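Q: Here are the chains, one letter per residue:
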Amino acid sequence: MSADPPPVPATAATPGQWRAVLARFRRHRLAAAALVVLVLVALFAFVGPLLWRYGHDEITPDNSQPPSAIHPLGTDSLGHDLLAQVMRGTQQSLLIALTVALGAAVVGTVIGIVAGYYRGTTDALLMRLVDLFLTVPTIAVAAVLGHNFAGSGGGWVLIAVVLAALMWTSVARVVRGVVLGLREREFVSAARALGSSDLRIMARHILPNVAGPIIVSVTILVATAILAETALSFIGFGVQPPDTSLGLLVANAQSAVATRPWLFYFPGLVILLIALSINFIGDGLRDALDPTQTKGPRRRRYLAQPAARTDAVPDDVLLSVRDLRVVFAADGGDVPAVRHLDLDLRRGEVVGLVGESGSGKSVSAAAMMGLLPPTATVSGSIRFAGQELVGLAEPRFRRLRGSRIAMVFQDPMSSLSPVHTIGDQVAEAVRIHQGCSRAEARERAVELLDTVGIPDARNRLGDYPHQFSGGMRQRVVIAMAIANDPDLIIADEPTTALDVTVQAQVLAALRAVRERTGAAILMITHDLGIVAEIADRIAVMYAGRLVEVGTAAEVFDHPAMPYTRGLLESVPRLDRPADEELWAIPGSPPTMTALPAGCAFAPRCTVRVPDCSTVVPELVPLTAGHRAACLRLTPEPLPEPTTTIPERP
Amino acid sequence: MEIVGFALRRLLVAIPVLLVSTFLIFLAVAKSGDPLTELRERQPPVPPHTITAEEARLGLDQPVLQRYWNWLTGVIQGDLGPSVDRNADIGMEIGSRLGITMRFVLIAMLIAAVLAILVGVVSAVRQYSWLDYLFTSTGFLFLAMPSFWLAVLLKQGGIELNALAGRTLIYTVGDSSVIPPPTLGGRIADLAGHMILPTITLVLINFAAWSRFQRSSMLDVLGSDYVKLATAKGLRRRTVLRKYALRTALTPLVTVIALDFTAVFAGAVVTETVFQWRGMGDYLLESINGRDVNAVMAWLLVAAVAVIVFNLFADILYAALDPRIRRVR
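Each protein sequence line maps, in turn, to chains A and B.
Counting along the first sequence from 1, when you hit position 505 you're at 505 in my numbering, and nothing is skipped either side.
Just add 649 to the spot in the second sequence (first one is 1) and you have my numbering.
Keep in mind that a hint or two might mislead.
[As the list claims (entries may be wrong)] Not everything, but these chain B residues come out facing chain A in the computed CB check (under 8 Å): (1) Val669; (2) Leu676; (3) Thr787; (4) Ala793; (5) Gln805; (6) Ser865; (7) Asp874; (8) Thr880; (9) Leu884; (10) Leu895; (11) Thr922; (12) Gln925; (13) Val958; (14) Leu961; (15) Arg973.
I should point out that these hints are in silico values taken from the structure, not numbers from a laboratory.
From a predicted model like this one, the values you see are computed outputs, not experimental measurements.
Glycine included, C-beta positions come from ideal geometry on N, C-alpha and C.
Work the whole structure out from these sequences, hints included.
A: Here is the structure:
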């Protein structure tokens, strides 16, 4: 199921992508504001002391003064000016935290990359090292070491070193996790095949790709380090008097909260402010680096437009889609995933809905099931057995789902719950819609699993999905789909995730199901071979639009839309000479946020005319049931397919 | 049975880690200074033979490696070694203090976990609602809150509340009353009363991160194919959430909480100092200041064992919750 907006590149590795990250970060208003706050705090801590009239260790004659014009934050019982002390304390805390983050980033990145890249013994040893640091409470070790260094006069640098030595593990774990995944990617294998040294691969190919996760985890680490340092100073093992830190200031003010509250609140609030801003910045960075996450309180809107229907619907039509539009709200603007879809399905009919990924076929299916995410807006009309589905209230939709309309998803590895038994999940499908007992539901589950060809079904009821192969799991999902003799089964790429031999078995199971139950099937796929085996009619989608529809014979034998022809030409066939090279449609599908004017296929089309880039072609009837959307179909009949498709070398 | 074998393997792996970490810490504390400074500088001076006797009792006259070896062999036989404080038995001391600390650490972890699950699940299910925004902003606030500052703030709140009421409504100092109430029920109430503020502190600073984690893990599961398929079966949303989403979304939190045990413990150390509990935190600070190697070592050993036991417990719980792990291992 891919009812999500089209994918966006997930890694940020080129300068252009970094600019995009920056732009996304700036749009995250809270994070941008937090960054401004943090910069101001840093200025306050590092530039402030140069301008302020009191030094942090200067004793003024005014002791225990509440905030006033002379001492904006008041003074302590010895006469120290609190503003000067808070500035100094913030400076110390920031210096320590930034040094910790930097140190931890370097150590953590190196160890994480080495562990993830070499794996095996190296990884095991390094991860034991990480365990070592996770076994003891950081604060205890830091206190021991802090006590050791207290007399040595090392100041903030030693505290920073101690904390960095204890905190690099979080970065290492994150980096290792990412590198383990990256190692098998093509660009790493390619670099290795080209003979690049390990060091070069790690520095040039892996490091840029883990930069995102490193930046996020190091940012968060700054906040953790601030909190750790202040806590350490608070219990007396961090920054030592006469120098000061925010934690030390709070510790000294403990007993005076009631009498001299300013001493307690100001330093504490500064810590809170710093940690809060850093966390917001980290949050903004995470979103900016992972643009696949859509943000914002967009709710789903249904705009039922039954008035758009002008043609009468014949009695045997089970599903009738008219002018269906689905728009996703995304950060980069609205994404029109489905545009003006018209489609009919008769009872018992198998229709293949074909198109490349991102063409809108899965989104259309999700709209028919009422399973679109909240970011989608649906308009138009979907009538199922006389009932309008667009805008249908959830309780009524729920009664249709699984009983009248059932669905089979793409990846059987992820569409079954890993923690419930097969028997549980199939019997549940029965029990939801038929008020029968548990025992009866189990009997029916055995029967259903038998029907889809699961051997020894009765003894496998107690098994979990991970004990089944992919093909077997997909049969289980099909068994669940037919549990209540539905009128329509929507199969969304039901064989894509499976091996070729298993594909054939699953298709056979579906065909058997169709014969047994008489259900109509909407088969969504990009694989024309599958459609040829099972479909009565074929509908082809491109960039959210229906571009051709007709019986299987019509579409296969007389494809009218150049895109359909391209699809057919790109299917490997046994009746062609083996040395003939396979044809591929040039170019790639358009970005849905920046659709070309006119025909969306025009930029890739080999027979385009100037009008194609300005006029959107309508579906033109060719025979009674065969329609296609191409400008070249109306003014003059297209030349024979053999001459329009360029000669292959 | 599989789980027992799994647990044993985990414990075996932990032993070398423990050996290395105890050795490093031992070196650090042993090198941190002379625990007898105070005795040597006492006025009028203590006779030299007393000092020599003390040195011999604490093993200070031996090289560090020999001392570590003695400590290690002692620990294996159940002897935690002598304390710098002649009258104190480290084992007894740790035992009573561990009871005091674990009492509120465990309760705080339990409350924080329940709260995190509730808040995280509600925020995920009602994503982008006002409730989600409220929970998210409080979460961020407590994530950024220094534990000691919050503890002092709560303590001050308690003091002012008591002043306002004219009597002790809520205890702000110590882990129990100096003169314990005569009855058992009274003693339990007394202990519970003293626990309120420290527990709230520990809950607030820990639940925030966990609820953020629970929210994202619930969101992941809500977007998963099996939740979609469960919905496509025609299940009520409530059933889908309870039976399919919640069940799988809870397991990752188990690991996170177990890994965070050290952080909770560290928070407890700070919280205890504010509320002046005579617990583990107090003992650590006292022992470090007194350069009491054996006491610090015993403290760290107990903490490390607690961490290992916690992680083991989490692994077993995880295996019980997730059939995939159960069978594979």
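Q: Grab the minimum C-beta distance from Gln925(B) to chain A and call the hint holds if it beats 8 Å, violated otherwise.
A: violated (11 Å)
Q: If you take the shortest Cβ to Cβ gap from Thr787(B) to chain A, is it below 8 Å?
A: violated (12 Å)
Q: Go through the hint on Asp874(B) and say holds or violated, using the shortest Cβ distance to chain A against 8 Å.
A: Result: holds, 4 Å to nearest chain A Cβ.
Q: So, Gln805(B) near chain A? Judge it on the closest CB pair being under 8 Å.
A: holds (4 Å)
Q: For the hint on Val669(B), does the least C-beta distance to chain A fall short of 8 Å?
A: holds (6 Å)
Q: Take the shortest C-beta to C-beta distance between Val958(B) and chain A; is it under 8 Å?
A: violated (11 Å)
Q: Quick check on the hint: Leu884(B) CB to chain A CB, less than 8 Å?
A: holds (6 Å)
Q: Given a cut of 8 Å on the nearest C-beta pair, is the interface hint for Leu961(B) held or broken against chain A?
A: At 12 Å from the nearest chain A Cβ, Leu961(B) fails the 8 Å test, so the hint is violated.
Q: Under 8 Å, Cβ to Cβ, is where Thr880(B) needs to be relative to chain A, so tell me if that hint holds or is violated.
A: For Thr880(B), the interface hint holds, since the closest Cβ of chain A sits about 6 Å away, which is under 8 Å.
Q: With chain A as the partner, please determine if Arg973(B) meets the hint condition of a C-beta pair closer than 8 Å.
A: holds (5 Å)
Q: Let me know if the C-beta of Ser865(B) comes in closer than 8 Å to any C-beta of chain A, holds or violated.
A: Violated: closest Cβ of chain A sits about 10 Å from Ser865(B), beyond 8 Å.
Q: Would the stated hint for Leu895(B) survive a check requiring a Cβ distance to chain A of less than 8 Å?
A: violated (11 Å)
The earlier numbered hints that this structure contradicts are 2, 3, 6, 10, 12, 13, 14.
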